[in-house]
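Undergrad: As you go down the protein sequences, you meet chains V, W and S in turn. Numbering-wise, this note's numbering puts 442 at position 442 of the first sequence, and it's gapless, one number per residue. Numbering-wise, this note's numbering puts 10223 at position 223 of the second sequence, and it's gapless, one number per residue. Numbering-wise, this note's numbering puts 20031 at position 31 of the third sequence, and it's gapless, one number per residue.
Treat each hint with caution, since some may be false.
As the list claims (entries may be wrong) - Straight-line C-alpha distance at most 20 Å; calculated SDA-like pairs for lysine to any residue:
| hint | chain 1 | residue 1 | chain 2 | residue 2 |
| --- | --- | --- | --- | --- |
| 1 | S | K20221 | V | W138 |
| 2 | W | K10982 | W | D10870 |
| 3 | V | K407 | V | Y63 |
| 4 | S | K20095 | W | E10776 |
Stated by the list, open to error - One side of the interface only, derived from the structure: several residues of chain V facing chain S at Cβ under 7 Å:
| hint | residue |
| --- | --- |
| 5 | N213 |
| 6 | H217 |
| 7 | L226 |
| 8 | Q450 |
Honestly, the hints are just simulated from the structure, not real lab data. Computed from a predicted model, the values in this text were never measured in an experiment. Yeah, the Cβ is synthetic: ideal placement off N, Cα and C, and Gly gets one too.
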Amino acid sequence: MSSNIDYSIEPEVVEGQPKLNQINEAIAKPLETRPSWKYLVALGISSTMLLIGAVCLGFSFYYGIGLWGNNQPVGWAIPIVNFVFWVGIGHAGTLISAILFLFRQRWRTGISRFAEAMTIFAVITAGLFPLIHTGRPWLAGYLFPLPNQHRLWVNFTSPLIWDVFAVSTYLTVSFVFWYIGLIPDLAMLRDRTKSKIKKTIYSIFSLGWRHSNRHWHHYEMIYLILAGFATPLVLSVHTIVSFDFAVSILPGWHTTIFPPYFVAGAVFSGFAMVQNVLIVVRKIFNLEHIITLDTLEKMNKVMLATGMMVGYAYGMEFFIAWYSGNPLESFVFLNRAFGNYAWAYWIMVSCNVIFTQLFWFKKIRRNIVAMFIIGVLVNVGMWFERFVIVVTTLSRDFLPSSWDYYKPTLVDIGILLGSFGLFFTLVILFIRSLPVVSISEVKAVVKGSQPVHH
Amino acid sequence: MGKNKIWKGLTELRNPERSRLLKEQEFSAETKEDFQLSQLGGISRRKFLALSAATAAIATTACTNYRDKGSIVPYNQKPENVLPGKPNFYSSTCTGCANHCGILIKTREGRPIKVDGNPDHPVNKGKICAIGQASILNLYDPERVKKPIKKENGKSRELDWDSAFAELVNQVRSAESRKQEIVLIAKPVFSPSTARLLEEFKKRFGTTTIYTYDFLESFAKLNAWKQIYPKSDLPEFDFSRAKIVVALESNFLATEGNFVKNIRQFVSNRNVDKPEEFNRLYAFEGDLSLTGANADYRFPLHPSLFPLLLATLINEILSKYSNRLLNNKVPKDKILGLVANQNLENFSGKSGINKSYLELLVKDLIDNQGKSLIVTGDSLSEDVHLLAFLLNEILGNTKLYTAKPKPRFLNPSFDDFVQLSEKINAGQVGVIINVDCNPLFHFPEDLGLKQGFSKVPFVVTLTEDNNETAEASNLILPINHNFESWGDYYDGNNLYSTIQPVIEPIFGTFQKEDILLGLVNGQLRAGAFHKFLMDFWKEEIYPSSNSGVDFEQFWFSVLHDGVYIPPSNTVSNSYEPSFDFIEHKKLIAELTNDWTLVIKKPYFVGDGKYMNNGWLVELPHPITKVTWDNYAAISEKDAKSLKLENGSVVKLQRSGKEIEVPVFIVPGIAEKTIVIEAGFGREVVSVVGKDVGVNPIKLFGLDNSSNGYVFQDIKIIPTGKFRQIASTVEHHSLNDTGLKDLHKSRHIIQEGTLDEFVSGKMEIHRAKELISIIPEVKYTGVKWAMVIDLNKCVGCGACVTACNVENNVPIVGKDQVVRGREMQWIRIDTYYSGTPENPSVSLQPMLCQHCDDAPCENVCPVVATNHSPDGLNQMIYNRCVGTRYCSNNCPYKVRRFNFYDFRDHFADGYLYKDSLRLLNNPEVTVRSRGVMEKCTFCIQRIAEARQDALANGRQLKGTDVKTACQEACPAEAIIFGDMHDKDSELYYWRNHKLGYFVLEELNIKPNVTYIAKLRNKKSEEVA
Amino acid sequence: MDNQMNTSENLYGVGALFKDPNKIVKVVEKLVELGYKHWDVHSSYPLHGIPKRMRLKWSPLGYVALILGLTGTLTGLFLTWWTMSVDYPLTIGGKPWFSFPAFVPVLFELTVLLASVGTAIVMLFIIFKFPNNQHPLHDTEYMKKVSVDHFGVFIEAKDELFELEKVKSLFNDFGADEIIEIAYDRNEVAFKPKVFDVKFISFLVVIAIITSSVAYLFNNKILYFPPFDFMLNQFRLGPQESSTFFADGFGMRKPPAGTVARNQEFYPFKNKPDEAGMKLVNPLLATKENLELGRNKFNTFCSPCHGWRGEGDSRLNGQFPNPPSLHSEKVRNWTDGRIYHVIMEGQNVMPSYASQLTEKERWAVILYIRSLQRALNAKQEDIQ
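Build out the structure end to end from the sequences listed, making use of the hints.
TA: Listed below in structure tokens is the structure:
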């Protein structure tokens, strides 16, 4: 079916009519030139952060997670906050590549590859936390339905098990999706490279792709199928993550609004993160004509929309708390806004709802600096949203006698840093080792690249 | 085919182009070598896998050897009636405090692992307090003194017993020969045999004098008593017969008198099924004590107003109700002269207590003459005690007086010790023997004992663990723990009980009597006192028993029961008052209504001896839940005016002495009142007690003991310092509207007044029945459940300690409590409602509710927690990976997580010291790091009961099992059993009309029923 | 590896390169019309409409995905049902064993997982027969140009209609920018793999060393090292454990001499055998289970010396003096109490059995001895 869609009546996606070989050159350039000092500095910073995280993790593995701030009743804190945050980041990629693909949004071509890569890295980062946050991480194997000395299986009624399945599936599928997309480009690289080692590597991973149209035929079909599966999947993942909270009985967690609310938030923060990174990348590797300003503006529009959905959710929570007439419920939300963690709550609201309103103005939507700052704020805000949901709820639940205040420790912060370190290190390595833009897709949408049928 | 060498990789085998090419090529000579393994491509997956798998397999098997899992060490000569794996019980007597409760020590393979009350004991009836429960930790305390230690010019070295003892003997003898005094300082001696021993000691060494004292002894009370009842001894009270109890700064439910007995007797009249028998407790106090928390009417009262209060009451009664007085022997006019021109208006004006309450009190007292009690706290001044005794006399309450255990050689007053220190300074003292006591900590510095010790040629201290006195003496002799010693006890009236060892001294020490006896006989022999004891009984007690059996059997049965009540039981409780004191009595003019410091006995650290007992130091304060510290309790109002908050350190000054102590804001404390609990702030103490609290005794001078422990000349000065105080609960002001009375609105605490209940106006909030869309789980046979009667529970904390001991609950240390990671499986929650000036306090034990539809189970990803067929919510420790999701989803937050290996983390592995291995209950898993744990309803006891039932072919019954907390509860507030057993006590209470479940509307079907508390108030709302 | 100059014997085919995508369309139409089978169009991105013109069959991947997806669902259903309600059913939060709604998320995820990954595998490895880096087209000018900006049409030599010259001219007619012949690679044809080459063997050796060392560490070190030891060694002292604390190494202690435990009963007849004989009476009746109990205790504790039937025929063959028979006149005339005393205190070389037998068991043993005596020296009335 994809083949009888007529692309020729679409607006420009790639600015200034580049020749096909120019596209090759442009995209392959970062892989063939020596890294600039800027790149090395960036890599240095991110890997240092990663190292800090690793050290903190080592300590907490050796001494026990008592090194963290967690306590009774706040059993979950920063690690889980990070988990939800990163899973959220991981949503933009698949959304861009799959959903926008189904909607035939051609502007996605410039950024899809990159977004997908970020998805995978984000999910890898996220996936770490459920494993390391446990008291006995070396027994993580018990979380999978494998035979073991207890003859026990897993508890399929537990949202954490749903998580395990959802996140691992999501990781695998988006990886496959990403890899399938990579194959033709790898083949292209294989054919253009001079170095012997690179050639072998590219050959191995391009699996011997021959640009054959007999293959393209199936290829386009599977791309469609994968997009079709990835779309419900991406929606399901954060839904299930939100079940971790929604399925519990704690007031403030136990709400049906969570699935859509979480998905919207995920897309929101995901787009913010992608937008941030892209702004940097297109600058460093001057891909301005491929990752165009229009694309960024479109992303900002999406952020504006999702941001308002999130804002709606915040409001709705309060409304329901009042409307349900459940005193526990209303207490929790009043406590969020005016209680011991009010500061976190107001950071969240201002970053997610107030600042994003600036995107109503075209000037700001198209102003690189402004949009970058707002993007950063959105990420901060979304991190705090998870913090508010997880920590405030736990710190004051049913029995006032068991309330306690949670303070993160340095180790907590270190691990948070580490997660950013891991993510950015992967991104930065990716930039120089694989084509950041899908060559074949871009080529396919360049003017005059397609035969005119009559 | 053939030629497959041309193509790399197996996929090629199926490659059409290749097969075509092969057809074209002629050289098909090698067709025969088809498919020889050796001919396959170098990187044939099949071959690679085969070989590497083989190597891996060989490797793994080759390198696995099986570790030595330890060896089995049986008895080489099995003692009679000891079965490996089966507990034995020994009856003995607790020496934790002066009350000497009877205890039953549980041993496994000849090692004590648990202590509980001796059910045959007439006083404590099978119950003991938290201290008694935890005292087993002192037995195994790795920091006990293990060898005699000699201290010479600042250096200390270990001696072997012979030389140490030899030196002691020389010193004592030479002192005697020098006609110098030999001073024995000891705690009050209740043991007749020890008394006899001391007599012999005196005989042997003529110059001996014996000084005994008790910590914070209320000399004031004693003097007051002697003035009004010269002929008889200070009594105790029988609360079981009291309808009205008026407690003045008295904490008789937690620290004063034999509170285990007091609790039992007090709550015996709190049975909701017998409303007519309900007693009523009025509490007037400056502090907020546990007794005050349990009072029906509680009034904060500045300590200076107590004499006035009593005078007013006496005046009121004698002037208004003299015609209704049953007791006509009292000289009314005389007394009226003493308490003239006091009246209720006047008092209620001064105290701010509503007059109507006082009238109610007076009325109650008049209506219940002979059935009421005025109880005064040990801290108070002589006048208060005197007036209280007088009022009791007027009301004819002496009926409720019972004999108080009477020690031998109790020094009547503090002055004796003043004389002692004078003698010391005069150089008349040759040897001081501190027998298991710590005077340098207990007595004010002004007494000058410390400097005195240096003047004395030889000071020896017999002690279990190092302390201030030992530090200052020339020789330290380690002595046995109570569980390693022989002994006996006589309450001075009609009750004997025995102490027998349950294990050989684990550090090779001697018991203190052995050492003293050694001094008498000139040679030290272990077990010498055992013989002495038996001889004493044979001569003194056995004859009077005129039981048909021979002594051997008599002694056997005494040891077996642990108690012996002589047949000739002649206790005369006649209290003959004399009112002569009134002539020359002039009531001290009313004290100034300014800052006042009250020093009170601590709840759990005894006289400071238990500062090295982590279980007790970490046991939350019954009211404020503060652990690992004492503090200056002040009212919220005062804190505001001085700009103080919890933990800010103040300087308390008094006649040149000063201490720095953190304040803690306690609702309901009288204004301008500071309350500090003594016993904290030990300086020479094991690693556990280091830097725990401050010692208020430093403020004492050689005061007139008639003032008791209430100090008026006190200055309080904020120092901008701050000390982190570890409380297990979050404290917020009672004025915070958002958080006020949540426990009421959430129906966590349900209370009513007796009147409401009787008149049927009181209703219990219950969740409405919900229809379940899923089939209910069917439970057949025994299903466990618990009931906790909040009318009985006074919040003494015995259950918490009992649970710690039974279930190997680790001590986590102050830093972890601050972080909110205490591990106790059962906690006692305190809820305040009403005003910060005079709150009403509700206490509620909270433990795992073993819900049928437990929310924790649904969320555990690895089924580490699930439901047993007999209705227990059980943990599989070894399965738990520690996601803590269950704890998050537990609405009661009763699950506890091992964030660290706390045994290792607390005080650098203190709890992993070798001797403490013996402390842990062999029936209960010692949980590792990263594992979730919680109350199991003592599943090990259930299992044991089930085994016994099986072995004897019985059906397991709900009554076969007693949980540790239930066994310990002095109030019998905890009932455990089978909810299916229709005629069991549990079933009755579970379906009682006052029974309710906490957070029932969550529909998780908890199995711990709480019986709503009734306050015996005249029909009015609970504050 | 230049393979252009080759002889026609291992020719693979001929390809033509075009710069203009529109030319391709015409060529394709021509080739289809001529009825070539083994030919292909190469372009570095999908050319829209070409597959249609090439008359390619509808791609089956859709059905593949459907089937795999359903398989996933069923696998999930089986997994949840079997583990939760057949293999190890547990009551969890009062839910029924098979609580389907809770399993839905897992089913969904498994469906997606199997469908998408499976389909990809099918396409790559079954339909495309990847990995295939040995294909003759690789490393050719043709491929290099195609992957940049050319569009290629390639006809394989194995096609029935294939004739080198004809094909070339055909391409020329359509104005091919370049025409390239491609043949199999000589080196590849000549390739002969060595069977036991050093690299491979050393590789295996390395694997072996790594696995063995890991296995050793894991099985003998890590698994015994807290907290990884599954609470194998707990900090407590169980029955019959040795102790490092007590000097004698015994974890089990003896109660101090002279103490009395609650389960201890007083024996008043120490060294008063006759008094015991007079005063003590057997509380048990000769019921079946009492005799059963007696027998089994007798056989365990008494029979080694006294013999199975109490005739003093010891099984200790002489290591220990044989006791006299229990059937002697003397013993038969003893009262139960007298025998009880012997069990309690022992007699001559016989030690006390008080610690081995509880009171009930002692009396039961006596009952059994009586029955033995009765059996072995039956009186007149027994026979009747």
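Undergrad: Given the proposed pairing of K20095(S) with E10776(W), does the C-alpha separation stay at or below 20 Å?
TA: holds (8 Å)
Undergrad: Hinted pair, alpha-carbon criterion (20 Å max): K20221(S), W138(V). Please report holds or violated.
TA: Holds, because 15 Å separates the two Cα atoms, which is no more than 20 Å.
Undergrad: Take a quick look at whether K10982(W) and D10870(W) sit within 20 Å of each other, Cα to Cα.
TA: The hint holds at about 16 Å.
Undergrad: Using 7 Å as the Cβ threshold, decide whether H217(V) counts as touching chain S.
TA: holds (4 Å)
Undergrad: Should the interface hint for Q450(V) be scored as holding, given a Cβ-Cβ cut-off of 7 Å against chain S?
TA: holds (5 Å)
Undergrad: Tell me if the interface restraint on N213(V) is satisfied: Cβ within less than 7 Å of some Cβ in chain S.
TA: holds (4 Å)
Undergrad: Can you verify the interface hint for L226(V): is its Cβ closer than 7 Å to any Cβ in chain S?
TA: Constraint on L226(V) satisfied, holds at 5 Å.
Undergrad: Given the proposed pairing of K407(V) with Y63(V), does the C-alpha separation stay at or below 20 Å?
TA: Since the Cα atoms of K407(V) and Y63(V) sit roughly 19 Å apart, the hinted pair holds (cutoff 20 Å).
In summary, this structure violates none of the numbered hints.
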